[in-house]
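Engineer: Work out the full structure: start from the sequences and follow the hints.
2 protein chains.
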Amino acid sequence: MSAPIAHGGGITGAAATFGGRPDDWLDLSTGINPCTVVLPDIPARAWHRLPDRHLIDEARRAARDHYDSGEILPLPVPGTQSVIQLLPRLIEDDRIAVTDERVAVTDKRIAVVSPTYGEYARAFTSAGFAVHAVDDLAAIGSEHRLTVVVNPNNPDGRVWPTDTLIALHDRMKAAGGLLVVDEAFGDTDPALSLASRAPQLSNLIIFRSFGKFFGLAGLRLGFAIARGDILARFEDWLGPWAVSGPALSIAGSLLRSDVSPIRGHIDERNAGLHAVLKGAGLQISGGTALFTLVTDARAGDIYTHLCRHHILVRKFDYAPDWLRFGLTPDPAADRRLGEALQRFER
Amino acid sequence: MSAPIAHGGGITGAAATFGGRPDDWLDLSTGINPCTVVLPDIPARAWHRLPDRHLIDEARRAARDHYDSGEILPLPVPGTQSVIQLLPRLIEDDRIAVTDERVAVTDKRIAVVSPTYGEYARAFTSAGFAVHAVDDLAAIGSEHRLTVVVNPNNPDGRVWPTDTLIALHDRMKAAGGLLVVDEAFGDTDPALSLASRAPQLSNLIIFRSFGKFFGLAGLRLGFAIARGDILARFEDWLGPWAVSGPALSIAGSLLRSDVSPIRGHIDERNAGLHAVLKGAGLQISGGTALFTLVTDARAGDIYTHLCRHHILVRKFDYAPDWLRFGLTPDPAADRRLGEALQRFER
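Heads up: the sequence lines are chains Z and P, in that order. Read left to right, the first sequence gives residues 1 to 346 (the UniProt record's numbering). Read left to right, the second sequence gives residues 1 to 346 (the UniProt record's numbering).
Honestly, I wouldn't trust all of these hints.
The list treats identical chains as interchangeable, and a pair is accepted whether it falls inside one copy or across any two copies.
Stated by the list, open to error - Straight-line C-alpha distance at most 25 Å; calculated SDA-like pairs for lysine to any residue:
(1) 108 to 91
(2) 108 to 93
(3) 315 to 240
(4) 108 to 236
(5) 108 to 88
Hints were generated in silico from the structure; no laboratory data involved.
Structural biologist: Shown next, in the form of structure tokens:
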């Protein structure tokens with residue numbers, strides 16, 4: 001077991017150190033939409049019965065139409081984390097032809113375009129793979145059996161154009177490898193998504209997150225988009241009824257709803273956060289609509305200062321001058337953050 | 001990938017063959033309590049935020065008190081299915097010392113006391129293990145690295161006394177093996193549970209189902225009770241946030257509630273079902289409070305006859321004279337089942 005990664009959402013731990021009731025903290029440590037969507041009605045049977053084929057199929061069709069994945073019906077999974085954990089097993093499964101004679105089957109090298117979400121490196125390292133953290137797609141070679149690109153990237157918001165990723169896919173495929181594109185933060189900029197191209201890209205796996213954009217991270221729901229035999233393997237390993245009935249029911253409704261008000265609300269909150277950060281003289285160095293990255297030599301001190309004001313943001317061991325700010329839920333929270341930042345001793 | 005097992009809950013498929021709207025079918029094909037519990041209030045943050053440590057810890061403490069597992073805090077898992085899938089990986093993990101020199105490390109034999117829930121054999125077969133289906137605990141030998149006992153057993157309701165299972169555990173442990181006791185249907189007879197003994201039984205793993213007894217199978221929630229390093233391995237492989245916030249929140253409430261009304265309701269429904277089956281001249285050959293097994297040479301014909309009346313029960317490929325009836329939700333359903341059975345041509 002490798003050491004667990006400190007993700008956002010650890011309000012309990014922060015409150016234990018800095019005091020305050022967890023409910024009174026302002027949690028800006030995640031990239032989850034903080035604006036409450038109206039939950040659609042959940043039929044009683046979604047709670048009480050095992051998720052039936054009808055419920056699963058309806059969520060898959062809604063996801064296909066929402067993500068525009070053509071003939072591929074996205075596979076619902078209990079959070080993309082659950083399929084990240086399965087990637088090492090996937091590329092070691094000899095029923096999935098991801099390697100050819102140019103890659104020795106004993107070769108356990110994969111590439112992760114970094115820095116990025118830490119669970120990919122953790123899952124592969126834990127399974128005995130050598131993980132190459134590359135910062136440039138040119139560093140990916142035929143020795144890599146799989147490459148992970150998070151697009152847009154977390155935490156810096158770096159984006160890769162569709163054509164660049166298709167060229168990378170073709171290069172991976174020619175060497176018998178797989179390309180994983182994690183579009184967890186892709187909902188606010190659908191033009192970046194490779195989903196509509198997935199039916200023609202046999203060695204591509206796309207992960208989508210449901211909870212971040214819709215502000216329902218507690219649901220544990222994501223989707224995998226890939227060719228049929230890869231999705232069948234994931235489905236087999238996750239076992240029957242991997243996703244809860246309420247999650248499937250809610251997804252079936254919300255993925256068919258008009259999401260433009262949600263996008264509008266996120267953009268409004270993002271503008272509010274940017275105004276606060278700029279007002280405090282902080283330098284915005286990246287981000288997506290759902291989070292903002294600040295680069296500051298005093299990042300560690302700002303982090304601790306905000307904790308003393310019971311505001312949790314995200315810091316990074318590997319980049320001590322970075323802080324990631326999730327969206328504030330409302331203008332009152334903007335003011336609270338702004339006032340706390342004003343009190344920081346410069 | 002081995003072929004999927006046809007479990008209960010497949011109303012969509014049955015309706016496609018025999019007609020009718022799925023909602024109009026009477027689903028007696030599962031062992032899930034059909035009586036609706038009142039859902040406790042779910043705080044908004046359980047839906048919207050990643051499940052925080054506080055929510056997880058509270059559910060674990062409630063489960064410890066409910067299952068009486070002493071110093072062991074049961075691990076919440078997204079359905080026991082999710083940890084069944086991990087058992088092959090567990091006994092191949094060289095950090096878990098489950099074998100000693102008396103068992104060759106290349107030996108891939110496990111025992112499943114059978115017939116029983118099919119997913120154990122499927123998970124191990126799929127991982128390259130030889131699964132010995134034994135019908136008697138005496139047939140379990142030192143060559144078996146792991147034994148599975150479902151207690152009470154599904155579908156025949158067979159029970160093993162606590163002392164018998166402890167002796168089996170000690171025998172497995174002496175040979176370096178593990179004992180898995182699946183208590184998915186154990187809630188209606190807590191005296192059968194090994195949970196209170198688990199802290200003293202180092203090579204025991206207990207699985208508990210939350211959804212069956214509470215009638216919330218759609219939630220996808222179960223608990224694993226075992227020594228710390230085994231639970232840590234499961235937790236690591238499932239990854240962070242494996243269980244949804246609403247499931248943790250509901251479990252934290254309901255596991256602390258008075259469950260005697262639920263037991264009473266289940267017993268009442270069980271009596272109603274038994275009266276109908278006996279009234280139809282069927283021979284009850286086993287079961288638990290949550291399902292009843294009937295043995296009848298005409299089982300296949302009865303199954304098809306009931307399907308024509310849009311009532312789904314469970315049949316078994318390996319025992320063509322068995323039918324399993326789940327609980328009817330109310331007296332009206334008793335009458336509907338009774339009338340359909342009366343029309344069966346004898």
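Engineer: If a hint holds in the structure, say so; if it does not, say that too.
Structural biologist: Against the structure, the hints come out as follows:
For the identical chains of this complex, residue 108 and residue 91 are neighbours both inside a copy (9 Å) and across copies (23 Å), given an alpha-carbon limit of 25 Å. Taking the closest pair of Cα atoms, residue 108 and residue 93 come within 25 Å of each other both inside a single copy (13 Å) and across two copies (18 Å). For the homomeric pair residue 315 and residue 240, the shortest alpha-carbon distance between copies (19 Å) is at most 25 Å, but the shortest distance inside one copy (37 Å) is not. Taking CA atoms no more than 25 Å apart as the test, residue 108 paired with residue 236 passes in both settings, with 23 Å inside one copy and 21 Å between copies.
With identical chains, the CA atoms of residue 108 and residue 88 are at most 25 Å apart both within one copy (9 Å) and between copies (22 Å).
Checked against the numbered hints above, the structure violates none of them.
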